[in-house]
Amino acid sequence: MALSGLDIYRLLPKTNCRECGFATCLVFAMQLAKKAVSIDKCPSLSKESRAALEASAQPPIKLVTLGIGEAKFEAGNESVMFRHEEKFHRPCGIGFIIEDSLSNVLIKDKIIKINKLKFERIGQKLEVNLVAIKQKESAKRFTEVVKLVADNTSLALVLMSDDLTGLKQALDITANRKPLIYHATKENLPQIAELAKDYNAALVATGEDLDAVSGLTVELNNLGISELILETGDKPIAEKIWDLTQMRRLALKKNNRSLGYPSLVVINQADPFEEAQEAASYIAKYAGIVLIKGVEPFEILPLVTLRQNIYSDPQKPLQIEPKLYPIGQVNDKSPVLVTTNFSLTYYTVLGEVEASKIPSYIVSVDTEGMSVLTAWAAEKFTPHKITESINKLGVKDAVKHKRLIIPGYVAVISGELEDESGFEIIVGPKEAAGIPSFLKNLPINT
Amino acid sequence: MAVQLMQEMWQGEISTVTIGAVKEEGGSRAYSIKIGGEQSLPCLFKEGAIPNKPEIAFEIWDIAPNDWPSELSKEYGHALNDPFLWAEKCVKEYKARSLCVRLQGAHPDSGDKGPGEEAAFIRQLLDKVNVPLIILGTGDDTKDNLLLPACSEAAKGERCLIGSAVQDNYKTIAVSLLADGHNIIAESPIDINIAKQLNILISDMGLPLERIVINPTIGALGYGLEYAYSIMERARLAALSGDKTVASPFVCFVGQEAWRAKEAKVEDSRQGVMWEVLTATALIQAGADLLVMRHPLAIEKVNKYIDKLCS
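Read top to bottom, the protein sequences are chains A and B.
Start counting the first sequence at 1; every next residue gets the next number (UniProt numbering).
Start counting the second sequence at 1; every next residue gets the next number (UniProt numbering).
Please keep in mind that the hints were generated in silico from the structure rather than gathered at the bench.
A portion of the hints provided could be inaccurate.
Unchecked claim - Quick list of in silico lysine to any residue cross-link-like pairs, SDA-like style, CA-CA up to 25 Å:
1. A:K134 <-> A:Y199
2. B:K53 <-> A:D234
3. A:K357 <-> A:Y409
4. A:K254 <-> A:E208
5. A:K357 <-> B:S70
6. B:K95 <-> A:P272
7. A:K253 <-> B:K46
8. A:K140 <-> A:Q169
9. A:K118 <-> B:E267
10. B:K304 <-> B:E75
11. A:K253 <-> B:L237
12. B:K265 <-> A:G123
13. A:K440 <-> B:K265
14. A:K72 <-> A:D109
15. B:K46 <-> A:A212
16. A:K253 <-> B:A238
17. B:K53 <-> A:E274
18. B:K304 <-> A:P272
19. B:K46 <-> B:I33
20. B:K304 <-> A:T245
21. B:K89 <-> B:D307
22. B:K262 <-> A:E275
23. A:K62 <-> B:K95
24. B:K46 <-> A:D209
25. B:K308 <-> A:K113
26. A:K140 <-> A:Q124
27. A:K235 <-> B:E300
Unchecked claim - Cβ pair distances, simulated, as ranges:
28. A:L63 <-> B:P189: 44 to 52 Å
29. B:D82 <-> A:P236: 38 to 46 Å
30. A:D332 <-> B:H78: 41 to 49 Å
31. A:A411 <-> B:H78: 35 to 43 Å
32. A:I173 <-> B:A2: 38 to 46 Å
33. A:K136 <-> B:K92: 28 to 36 Å
34. A:A411 <-> B:D112: 15 to 23 Å
35. B:E88 <-> A:H401: 31 to 39 Å
36. B:A2 <-> A:A378: 51 to 59 Å
37. B:S241 <-> A:G69: 45 to 53 Å
38. B:D243 <-> A:E431: 31 to 39 Å
39. A:E321 <-> B:D243: 36 to 44 Å
Quick reminder that beta carbons are idealized off the backbone N, C-alpha and C, glycines included.
Chain A extracted, bound-state conformation:
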């Protein structure tokens, strides 16, 4: 938790020696609180004060990085309990468990499917993040499968095994990929800590409850390991959400360092719907990583879409560039539809125009990312603004006709817009869903 200027002042020597370049210790403290200077500027800081100040400068939930290159994945650094308070920062990682007991053919098939799980929605790429290999067979077989997976995907890797030999061999071939080791328990702690240290890999710490997890992280910290991800045992959804909520709360509100790490949940459900429901619950409620088994797009597209929704910035509506967008094989007779540059609005309209199979232009007016009615109420979608946009975006050069289709919700502006723009205004449907039938019934008379 960040300290206030006065909290910091109490930790300073209060000698006003000016060595730091500021007139008084209080001024220096205020600058420290704003993170404008470094505590190193103070020459006579006590050891205890330094430790306290350094601890307060750390984020309450540690940032942990896995994987390398384009598949690099980060969890942690979260700052709020509810997305409306600021935003959720680092989208929950979605990973897939592959057991080494599967045949190589099936494993390869699964990886091909996982690698294809790339989607695009409202202008954002939605991707999955991790592949976890779980040892059920010998150390040799585990290592073989780890190699097979590593060779066929660039995604971040999780090595899941209770067999230290297997883990060591797998780490030998994947340490340069920054894998995640699963997992430290109270039974294997010293040995697995040594592995994590030797290979400089992040480690999952698993205890049945918060007490156990907290105990593990303290011990691991003492052994010099701080790249940690936390897991509480297998339990019903509501109890898991309780654990995840407590971890986030205690880290953020009580500055509990032993729980100040991202969390991981392994989901064990054969039914894809039940698996997705559990995953969705934990994505909404604070998990840093969820590991599942299902790799089919009908399950994963909805999940990554949910993650996109939950992790979108509530203060900043997603916007697209205000532009004249040609959809399909347009010509100078194609209809022109006017909408806003709020991406949800634009992409909804786009989807329906595409579905109509009638080549059309969409003009997205710069409404600063507001939807149609909000923009109209805020005077960002007025006859004047719309006229300005169609002039600037070259509508008159693109089409020979002089007709504009406006959203049904702003039918009230049609008269004024007609006068101002010189275009004939056609009032379109209120809901985008009405666009296909509307366009199909549009009389073309050029």
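Following the hints, put chain B in place on chain A, whose structure we already have.
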């Protein structure tokens, strides 16, 4: 090392709304359902009572829907053409705990059936099935002001949930529902202040807060879900902190929104079901109390999820 947990202590409580009246209460339902009553955030059972599980109502129409994708409509087959058959299928085959009937056929653009005809239909429906009933108008203010009072009277004493009342059109509806012993759906456009204002306006008319259910207006997964999600979280936090004017249960029209998404209308029909399932799941995590849904498999999965959450 024992971790000192951080428990929230809430002052407020969501009001409990009862839908459906049994014989002893002057109705003819086999049972009633209760929604709301939470003294804690979703799933956080250790911080306060969560006495009622979220409920799911099957959505049915008085006419055959023309905009339901085939992935959805094929589940009901020819029953879609006969609302009584449809209702019975939901109750008998799918074990629906409650039904939500949308009087789409009264909409000026899709049949414009008269209030008398629809009122008679509602009475007949109540005679055919004995589960608690939710009744939705057309969304056309002028029409609803004629339609809903007639239906309210026809269902007098059955303690239905009827809507929607909106900021510009709540008086006529509220007066009828008050007289006939029903609950009201107060709909606000993803706006916590309007939700609050409308609750105050309706309760000023004499309909107590305990008979109001908020429709916060949701978007489907990928279509603005997060706006409703956060509005619901904010309203719930305010209510639990003691603001009685937003302490109403939420009804979410999940099926209606989810099946409009283009991702729901794809060849792999499981994706549409998943779209409806995850929209419902996320909203339950935000505090939804009553979900109006469409696909029987989606409803089965969400019911199972609710049982797991509350076991």
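Which hint numbers does the structure go against, in order from smallest to largest? 23, 25, 26, 28, 33, 35
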